[in-house]
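K.L.:
First to last, the sequence lines map onto chains A and B. Note that my numbering gives residue 181 to position 181 of the first sequence, counting from 1, and the numbers run on in steps of one. Note that my numbering gives residue 94 to position 94 of the second sequence, counting from 1, and the numbers run on in steps of one.
Possibly wrong hints are sitting among the right ones.
[What the hints assert, rightly or not] When the alpha-carbon atoms are kept at most 30 Å apart in a straight line, the in silico BS3-like pairs for lysine-lysine are as follows: (1) K156/A with K104/A; (2) K156/B with K104/A; (3) K156/A with K104/B; (4) K156/B with K104/B.
[Unchecked claim] Derived list of chain B stretches under chain A, where covered just means 3 residues or more per stretch with a C-beta under 8 Å from a C-beta of chain A: (5) 18-28; (6) 41-53; (7) 119-129; (8) 180-193.
Worth flagging that the hints you see were computed from the coordinates, not collected in a lab. For each residue, glycine too, the CB sits at the ideal point set by N, CA and C.
Number of protein chains: 2
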Amino acid sequence: MSETTTPPRMPHDEPLEVGEYSMSADELVELLGPRLTAQRRETIDDVLAQRTYHVTTVLDGIYDRGNVSAVIRSAEAFGFQSMHVVESQDHFKEANRVTQGTDKWIDVERYPEPGECVSVLRERGYRIVTTELEASRPIDDIEFDEPTAMVFGNEKDGVSDEMREAADAQCILPIVGFAQSLNISVCAALCLREIFERRRQSGRHGDLTDHEEIVLRALYYIRSIERPERLLRGLLARRTDDAPRDET
Amino acid sequence: MSETTTPPRMPHDEPLEVGEYSMSADELVELLGPRLTAQRRETIDDVLAQRTYHVTTVLDGIYDRGNVSAVIRSAEAFGFQSMHVVESQDHFKEANRVTQGTDKWIDVERYPEPGECVSVLRERGYRIVTTELEASRPIDDIEFDEPTAMVFGNEKDGVSDEMREAADAQCILPIVGFAQSLNISVCAALCLREIFERRRQSGRHGDLTDHEEIVLRALYYIRSIERPERLLRGLLARRTDDAPRDET
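For reference, chain A alone in the conformation it holds in the complex (with noise of 0.2 Å):
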């Protein structure tokens, strides 16, 4: 572990808000921790043993909402904690049956139009490598090196225009029967699996900062409280109540 990413490619700030509550990740992993269970905290260590921020994947327009959740829901089971989303319409939710409540876990950012998602990849230093039907370079040739954001396009016409002009390279997943495809949320899940694959037997799939890991953990503790501001409120006022006081 290094001890930050330049730049941040995290879309969460210190402190971190919990309700009227304003906190720094520490204090919160201090607060809550003895709220959880000792298994909850294994879990919860195991998996960010397992996190990385250094893929990203990108949904640019998909139409179908079930595709979306279930490349959340692979996303997840593979430990890339961050997705963006470039919504194909106005308004947007996950079929819930279907990410099973996985969409909780990970970071998913939204954006009305590619351009800007791809301004946000950019500041955060990633190179962009669309995934094409046309593309003959396949996956297995593609280095993971460099931070790379993983761009799998809509149902009908692929990527956007944009996003394939702001690409850095273009790649396909091999297939060799009649299909001339495969459904995006398969094919998402392939492509993410390769890429764990490859990295963690290199030994380097989980690979959070310091400072990363710490917030994250802040926020999967929260996540995993029902109520956690009237449990933060609960708490605070009874380390008010212990506080020394002068009368006494």
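Following the hints, position chain B against chain A.
P.N.:
Chain B alone, transformed into the frame defined by chain A:
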């Protein structure tokens, strides 16, 4: 390629039937071949070179038709020629939007209950490997030297008791997030591609026998033609016309 497999793993018998006609695969290939473009014949040859019956896909009581269709599409894309579907309902039809027509290129056999499916798999010499959330053995650890039926269970309860009892091994596709599981069509695609890649890298993925290959070529030719029976009628009539006659 070897001459035959013992026992046969293909659900097609010669002679093949096309409406009122009943012919050998050789004869059909000879008659229909010249009616296809060279490009079409080449595509079919490329697909055949990557086809296998060595590993077969089994869907055990999947509820969602979209999921069944998505798995058909993925299996076809990675060259797995046969699929066995234990139905969860009386009547059943794939979502064509999701298969993208790929169901016409692979052999999908259906069973009303798991026991019947197990018998057929045994007759054809497959060992049975189920995928289970509780299994401790990762799929990486499973060898695919023997002919293998990979079984995927339903969304709620996994594989059926009958299938579990018949299983020679259980395996799991390891994941590293909070998600307990993956979408079933995603899980199947990941397992199938894993098997495809491992067998491809050892040069053993496309392994049809000569007999399997000629029969599938005949079937692919038939399915590449819009009205094969009508075409055959015309071709056979012309052949009769061309034959030398007594009176000439």
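K.L.:
Are the Cα positions of K156/A and K104/B separated by 30 Å at most?
P.N.:
22 Å, holds
K.L.:
For the stretch 180-193 of chain B, does the count of residues with a C-beta closer than 8 Å to a C-beta of chain A reach 3?
P.N.:
holds (count 9)
K.L.:
Hinted pair, alpha-carbon criterion (30 Å max): K156/A, K104/A. Please report holds or violated.
P.N.:
28 Å, holds
K.L.:
Does K156/B pair with K104/A here, judged by a C-alpha cut-off of 30 Å?
P.N.:
22 Å, holds
K.L.:
Verify the coverage statement for the stretch 41-53 of chain B against chain A, using a C-beta to C-beta distance below 8 Å and requiring 3 or more qualifying residues.
P.N.:
Answer holds; 4 residues pass the 8 Å Cβ test.
K.L.:
Taking 30 Å as the top limit, are the C-alpha atoms of K156/B and K104/B close enough?
P.N.:
28 Å, holds
K.L.:
At least three residues with a C-beta closer than 8 Å to a C-beta of chain A: is that true for the stretch 119-129 of chain B?
P.N.:
Since three or more residues must qualify, the claim that chain A covers the stretch 119-129 of chain B is violated, with 0 doing so at under 8 Å.
K.L.:
Holds or violated: the stretch 18-28 of chain B covered by chain A, criterion of 3 or more residues with Cβ-Cβ distance under 8 Å?
P.N.:
Violated, because only 0 residues of the stretch 18-28 of chain B bring their Cβ atoms closer than 8 Å to Cβ atoms of chain A.
The earlier numbered hints that this structure contradicts are 5, 7.
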